[in-house]
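> Working from the sequences, and respecting the hints, build out all of it.
4 protein chains.
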Amino acid sequence: MQLGIIGLGRMGGNIARRLMLNGHETVVFDRNVDFVSTLAAEGAQGVADLQALVAGLQAPRAVWVMLPAGAPTEDTIEALSQLLEAGDVIIDGGNTYYKDDIRRARSLAEKGLKYIDVGTSGGVWGLERGYCMMIGGDADEVLRLDPLFAALAPGYGDIPRTRDRVAEDDRAERGYIHAGPAGSGHFVKMIHNGIEYGMMQAFAEGFDILKTKASENLPEDQRFDLNVADIAEVWRRGSVVSSWLLDLTADALASDPKLDGYSGSVADSGEGRWTIEAAMEQSVPVPVLSNSLFARFRSRQQSTYGDKLLSAMRFGFGGHVETSKK
Amino acid sequence: MQLGIIGLGRMGGNIARRLMLNGHETVVFDRNVDFVSTLAAEGAQGVADLQALVAGLQAPRAVWVMLPAGAPTEDTIEALSQLLEAGDVIIDGGNTYYKDDIRRARSLAEKGLKYIDVGTSGGVWGLERGYCMMIGGDADEVLRLDPLFAALAPGYGDIPRTRDRVAEDDRAERGYIHAGPAGSGHFVKMIHNGIEYGMMQAFAEGFDILKTKASENLPEDQRFDLNVADIAEVWRRGSVVSSWLLDLTADALASDPKLDGYSGSVADSGEGRWTIEAAMEQSVPVPVLSNSLFARFRSRQQSTYGDKLLSAMRFGFGGHVETSKK
Amino acid sequence: MQLGIIGLGRMGGNIARRLMLNGHETVVFDRNVDFVSTLAAEGAQGVADLQALVAGLQAPRAVWVMLPAGAPTEDTIEALSQLLEAGDVIIDGGNTYYKDDIRRARSLAEKGLKYIDVGTSGGVWGLERGYCMMIGGDADEVLRLDPLFAALAPGYGDIPRTRDRVAEDDRAERGYIHAGPAGSGHFVKMIHNGIEYGMMQAFAEGFDILKTKASENLPEDQRFDLNVADIAEVWRRGSVVSSWLLDLTADALASDPKLDGYSGSVADSGEGRWTIEAAMEQSVPVPVLSNSLFARFRSRQQSTYGDKLLSAMRFGFGGHVETSKK
Amino acid sequence: MQLGIIGLGRMGGNIARRLMLNGHETVVFDRNVDFVSTLAAEGAQGVADLQALVAGLQAPRAVWVMLPAGAPTEDTIEALSQLLEAGDVIIDGGNTYYKDDIRRARSLAEKGLKYIDVGTSGGVWGLERGYCMMIGGDADEVLRLDPLFAALAPGYGDIPRTRDRVAEDDRAERGYIHAGPAGSGHFVKMIHNGIEYGMMQAFAEGFDILKTKASENLPEDQRFDLNVADIAEVWRRGSVVSSWLLDLTADALASDPKLDGYSGSVADSGEGRWTIEAAMEQSVPVPVLSNSLFARFRSRQQSTYGDKLLSAMRFGFGGHVETSKK
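Residue numbers (our numbering), protein chains in the order written: chain A, 1 to 326; chain B, 1 to 326; chain C, 1 to 326; chain D, 1 to 326.
The hints are all genuine.
Straight-line Cα separation of at most 27 Å, DSSO-like style, residue types lysine-lysine; simulated pairs:
#, chain 1, residue 1, chain 2, residue 2
1, D, K99, B, K99
2, C, K111, C, K99
3, B, K99, B, K111
4, A, K111, A, K99
5, D, K111, D, K99
6, A, K99, C, K99
Just so you know, the hints here were simulated from the structure itself, not pulled from any lab data.
Shown next, in the form of structure tokens:
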């Protein structure tokens, strides 16, 4: 099958590669011409602009946009919508807010264009492991594009079957689902990331206690000289917390147990915030997901105005003067 | 009435003063001889050691220990217990863990000594406003000492009566209660401080949003140039959040709206932690009280090992490199 | 001065009354004709529709809309904008989302109409105590309407002056502020309510521990038979947590210490959620404000799907079967 | 090698079985004689009391206690300590509080007895998958017993090696570690369970949002008819949240997507609470771990006293009457 791909960064480039490895044809574009020529050298049809990309595809065309959410994606889809013709489909594989998907799908439908949103998980490992995809949009169109999704997905692999699973639709077991109408793909991916934040923070807090327990600041009779790399390693085998994130933790701690290579300033993308918004809209209590997000906010500041206000109040009622004692 | 007082710091010294202002006699001791001579100059009987303190009191003696919780208080009470005689009473006015009170009361009872724990709120303002006291111990003994408690307490003042209040015991309205047996005074005070942490953190977070909303880092069309000192001031009048902590906030912001005088490294005493322990013992969910405590822990660190682990995992699965962007 | 008031419920009715008590003239409307006639009997000019209200006011007219946020307010302002003329001002005294204020102010300005948003705190007590007001909009227009705001506000009262306060603008000390341009009034009120949620939850958690400590489910040697009404009462005097919310708590516990009259299903209005959204927009960590909101969400459910999933996982890895044991 | 095992429940019985499968000899005891005879039929030497168990082992004896933490374990170890002789070792494989381990190790050492604490993860799956073990105690003694630990552990399996891992000690890769001195094994296991709570709660909250998004209570245009079983399934393949807990979630949702078989009353064992205590001792902020625990507390109550107090305050300041509206 043929797919146009716009945006050849870490994700888009490997998506093109994995499709080509599986016998599909790609027409690729990026503002960075080096990215285009690299992929052209690997067999893709590189093009110099959107017009050429559209021209290089047979109708009904499918164009995968793999760009940062927000303006870059929005502008590109707007531009594409001027170039494509009725029956063509735009696939947004990025991290778009699901309400933007719903809006776009409606707007593009007026021009006879189709819109599919794909929440794509897999990061830098997707080329090798395959991409886990959560797809929103028209069911028939998703089926029409199935060869592409099947090629990108991890497939059954050697993962044990889920006990009691009886389902007509085996796509989930091959690593992708049709979640529902436009927006639902990114909605499910958004929640995925929300959970991811929570799991990461659970590990972060637990390892923080372990590391602190080994701290030389503790009196010797309260200290355990724990080997955090070994702990991560052993939990990978037979423990309840075994997980891919733990595998990555073990990787990181094997080479840098003190994590001196990191400052601890942790970014967050939109999904964590949108997850909290969705929870609030639906009145679902999410203390863990929200505190995981807030821990990231806090990690990026040295001290907060709020902390200073606490100090000011303590001075006010008790004459407490700040000390540097931990 | 006559009271021995050990520990003449911010709290103990003013307790002596307020008692003397109300016509009571005090025999006072502190390791710091300057503190003793200052109070002696104000009318107290200053003494040089515990023996002299005990000798200066008529039986049945009452000795108020106003020292930091933990070893200073524990050691002093142990020493006192060797010097006092059956029928005497030791009053711990500090921030002792209530389980230590229970243990001590039992142990002192074996020697015929009485023990009373007093959770004392009022900080540096107590001399003027009076001390709010939560008292644990034998009911009769608490009654016997009532003249002292009544003198230390704020009294009715001009605070409006609570609607529908019908109670035989009017001590609560005069600012002190007999909470129950030994330990209950400090238990109630401990919860008071837990709530205090939560209220303070609520203000801290709210004012942090207000201050950040006025930040020059925000695009101009998203910014409000808010006057936080005026906001604290206006809320003191007729708003739902009016409170003494808000009064103190208004004080602080009136003189230093940016709070540049504070680093934001916020200490915590034992009560916040013990409150969480009590909640866990009783299976009571306390997300706000615990997060208030954790915010203080966090305020005293520049970055945590946990934060670094988050960065390491993000690099592991997505190749995300830390940036300093907030 | 003359003011039109639309919406004569708990808030709007008393606003009219307090203005009339201070010598102002009101022209009032409500869909509920009984509300109108009640106020007419107290001296207001009651009218039957918006047209009559506008006709009853001299230009430049000022109309205070005191309706539920969302559609009721939105529709009324839209209708008013058709009836008013350039130079008139619409005041939204409800709990509108501040971004709606910004939008409306822009849109009304195109017609030459002015828009002022007033965050109003004071609840059922406002008639007597006065209303604490946070006002957004054009500074000159806010000044022009000052006689109205001054009448509604609590005034200096007998509240002690804030130490070190030096400010040209004494309105804050009289209970109202001009916070900034359109939207800023409701923004400040929104944060006020966010803080209010946090303070309330701090009290809720603390009293929950106190009450549980007195529970007959606890072994006798771990129990304190605490009097929660007395505890609330005593904290009103000289303690750090003294506050209006504590006064209300003391009121409630004086008449119903077990709170049997309440089911514990706690509603939330928009401000709590919007506060979290604002915090997320500004990357401010707000664990206490958010957990206070989530506690309310949780209070309205008997059990959550999430809780069931926890049980399912526990059964999955450990064979743990649910029991009813607390 | 030879091992005595006391406690033949879900864990102890399978530990005996896995050891026998690997050629070791077991002498087994349980108060429930049926458990003993069942294992005897599978090749263990069943005994009727502790004396017989000790008599059935050659010195230096090793006895594994696999009982509920607290009194059952404590009393058994006390009894054993009377029967064993210098050089023998007691292994506590349960979920004991690590400070109890430290105390016991000291006390037993006075009698020449050794003590090893083993945090054991693996639940009902351990027989098949092997047990992940975190071991505290004397290094030499742990080495002496290595054949037993090696047999119980999962072994290398087909789990990919951790990148960059260079370690002399390959036990971690075979599923067990010597964490340090007495108590450290249970300390590490305790943190493991703390993390487990956090990860579980992250999934619980995420799936709660997904399920609620599919709720018929939502207006149709805000609803997605999501298939939660498919979502869990697809995330098992290539997504960042893939984990054993997700596998179990997929199992549970495959057979009961609405989770109607569960009430959602979620128990907690000591480790979650002790993790918070450890964090507080070390001043480590743990919002996610603590909120996970509190969610469990909350799951076991229909409404809290705290919730009722919120309602009472809302009625107090705003006249808000509780409604059942969600």
